[in-house]
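J.: Sequence:
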Amino acid sequence: MKDMHVHLEYADYTFEWIDRFVAQAVKMDIDTLCLVEHSHQFTDFAPMYTGISQYSEFQNWWYYKKNFRQLKEYTDFITEARKREYPIRLLFGLEVCYFNGQEELIEKNIRAFDYDHIIGSVHWMDGFGFDLNRDAWQGLDVDTQYRRHFEIMEGLIECELFDVVGHPDSLKLFGHKPGYDLNPTYDRIASLMKKHDIAAEQNGGVHLKLPEIELGMAPDFLAAVKRHGVRIITSSDAHRPEHVGMNVKELVETL
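Taking numbering that gives the first Met the number 0, the leading residue of the sequence shown gets 0, the next gets one more, and so forth.
Read the hints as simulated data drawn from the structure, not as lab findings.
Here the structure is a predicted model, which means the values were calculated and not measured.
One or more of the hints may lead you astray.
[Claimed, not checked] Ranges between beta-carbon positions, derived for each pair:
1. N99 - A217: 20 to 30 Å
2. D219 - E79: 10 to 20 Å
3. Y179 - D113: 39 to 49 Å
4. E252 - V141: 22 to 32 Å
5. Y63 - R226: 39 to 49 Å
[Said to hold, decoys possible] Result set (DSSO-like, lysine-lysine): computed pairs, CA atoms no more than 27 Å apart in a straight line:
6. K171 - K208
7. K171 - K64
8. K107 - K26
9. K71 - K82
10. K176 - K225
11. K107 - K193
12. K225 - K248
13. K171 - K194
14. K194 - K1
15. K1 - K82
16. K171 - K107
17. K176 - K208
18. K26 - K82
19. K193 - K176
20. K71 - K176
21. K171 - K65
22. K71 - K26
23. K107 - K65
24. K65 - K193
25. K225 - K208
26. K225 - K193
27. K26 - K248
28. K82 - K64
29. K225 - K1
30. K194 - K107
31. K107 - K82
32. K26 - K208
33. K1 - K64
34. K26 - K65
35. K1 - K193
36. K208 - K194
37. K208 - K1
38. K82 - K171
39. K208 - K64
For every residue, glycine included, the Cβ atom is placed at its ideal position computed from N, Cα and C.
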């Protein structure tokens, strides 16, 4: 089994830290593990986040509370880590927030190093971080947010900078559902994924945060992805070693 989206962010870059992730992967029968970092952790991507920090006081606090790093610190660590041997296949990559109009900056940063895996994710819609704070949804039209989310995702797919679309329907995190039929949208997005040869991520992160939310993509979304023959990867979206491989077996079974 493969767990292709696991974050290192809560500790310094040390071999001891990644060994904890690897040990848990072995315990969970994971044979391929991909460690990634969020683009918002790095000063190299900072110009993309001006709008989100200005959106609200909460988002400004959320962004600037980080212990920022430079990408070189991460890539130097990857270079050294790749010299070691592991009992599983260990990969390294980035999860990059996609912002329309920032493709040049994104490409510059992701092409500067030989990453194994680049995930493109929609986390922000015109400054709004939809998965950060349940209260921030108050007063927003859910249908409008859903339409905008998938509109941005189309740009993510069409720019052809990424290997996979991360958690493609995580907009459902706080239980918001649109009042219109999503099946035509699912079909359109799946068709674009196939056309541009980008994988879809069957990601357990939303379910890990809120177990009452369905595991992975909505069944109709997953059906559309399968119908179009899109490649699918499985991911726990773990942020701590003890969560590596969480729900991956169940995600594989959905495929």
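J.: Against this structure, judge whether each hint is valid.
T.: Hint-by-hint comparison with the structure:
Distance hint for N99 and A217: a CB-CB separation of about 24 Å, consistent with the stated range 20 to 30 Å. Checked against the hint of 10 to 20 Å, the pair D219 and E79 fails, with Cβ atoms roughly 44 Å apart. For Y179 paired with D113, a C-beta distance near 43 Å keeps the hint of 39 to 49 Å intact. For the pair E252 and V141, the supplied restraint of 22 to 32 Å holds, since their beta-carbon distance comes to about 30 Å.
Distance hint check: the CB atoms of Y63 and R226 are about 43 Å apart, consistent with the given range 39 to 49 Å. As the CA atoms of K171 and K208 are separated by approximately 12 Å, the hinted pair is consistent with the 27 Å bound. With a C-alpha separation of about 26 Å, the suggested pairing of K171 with K64 holds against the 27 Å cut-off. In summary, the hint linking K107 to K26 is not supported, as the alpha carbons are separated by about 37 Å, beyond the 27 Å threshold.
Simply put, K71 and K82 have alpha-carbon atoms about 17 Å apart, close enough for the 27 Å limit, and the pair holds. Proximity of K176 to K225 is assessed by CA-CA distance (about 22 Å); at most 27 Å being required, the pair is judged to hold. For the proposed pair K107 and K193, the alpha carbon gap of about 25 Å is at most 27 Å, so the pair holds. Annotation: proposed proximity of K225 to K248 holds, straight-line Cα distance about 18 Å (limit 27 Å).
Proposed proximity of K171 and K194 is supported: the alpha carbons are some 26 Å apart, at most 27 Å. Between K194 and K1, the direct Cα distance comes to roughly 24 Å. Compliance with the 27 Å bound is thereby established for this hinted pair. For a cut-off of 27 Å, the pair hint linking K1 to K82 stands: about 21 Å separates their Cα positions. Pair hint K171 plus K107 does not hold up; C-alpha atoms about 32 Å apart against a cutoff of 27 Å.
Under the criterion of a C-alpha separation no larger than 27 Å, the hint pairing K176 with K208 is consistent with the structure, at around 18 Å. The hinted pair formed by K26 and K82 meets the criterion: a straight-line CA distance of about 23 Å does not exceed 27 Å. Annotation: proposed proximity of K193 to K176 holds, straight-line Cα distance about 26 Å (limit 27 Å). Proposed proximity of K71 and K176 is contradicted: the alpha carbons are some 40 Å apart, above 27 Å.
With a C-alpha separation of about 26 Å, the suggested pairing of K171 with K65 holds against the 27 Å cut-off. Restraint check for K71 and K26: the C-alpha separation of about 31 Å exceeds 27 Å, so the hint is violated. Restraint check for K107 and K65: satisfied, since their Cα atoms lie roughly 23 Å apart, inside the 27 Å limit. Among the hinted pairs, K65 with K193 is inconsistent with the structure: their alpha-carbon atoms are about 36 Å apart, more than 27 Å.
Taking the CA atoms of K225 and K208, the gap is about 26 Å. The hint holds against a cut of 27 Å. Taking the CA atoms of K225 and K193, the gap is near 10 Å; set against the 27 Å cutoff, the hint holds. Our distance criterion of 27 Å between C-alpha atoms is met by K26 and K248, whose separation comes to about 13 Å. Using a Cα cut-off of 27 Å, the hinted pair K82 and K64 is violated, with the two alpha carbons roughly 33 Å apart.
Of the supplied pair hints, the one linking K225 and K1 holds, its CA atoms being roughly 18 Å apart against a limit of 27 Å. The straight-line distance between the Cα atoms of K194 and K107 is roughly 24 Å, inside the 27 Å bound, and the hint therefore holds. Straight-line distance between C-alpha atoms of K107 and K82 comes to about 25 Å, which keeps the hinted pair within the 27 Å bound. In summary, the hint linking K26 to K208 is supported, as the alpha carbons are separated by about 22 Å, within the 27 Å threshold.
The straight-line distance between the Cα atoms of K1 and K64 is roughly 32 Å, outside the 27 Å bound, and the hint therefore fails. Restraint check for K26 and K65: not satisfied, since their Cα atoms lie roughly 31 Å apart, outside the 27 Å limit. With a CA separation close to 21 Å, the supplied pair K1 and K193 stays within the 27 Å bound. For a cut-off of 27 Å, the pair hint linking K208 to K194 is broken: about 32 Å separates their Cα positions.
About 20 Å separates the Cα atoms of K208 and K1, which keeps this hinted pair within 27 Å; it holds. Using a Cα cut-off of 27 Å, the hinted pair K82 and K171 is violated, with the two alpha carbons roughly 40 Å apart. Between K208 and K64 the alpha-carbon distance is near 21 Å, which keeps this suggested pair within the 27 Å criterion.
In terms of the numbered hints stated before, the structure departs from hints 2, 8, 16, 20, 22, 24, 28, 33, 34, 36, 38, listed from lowest to highest.
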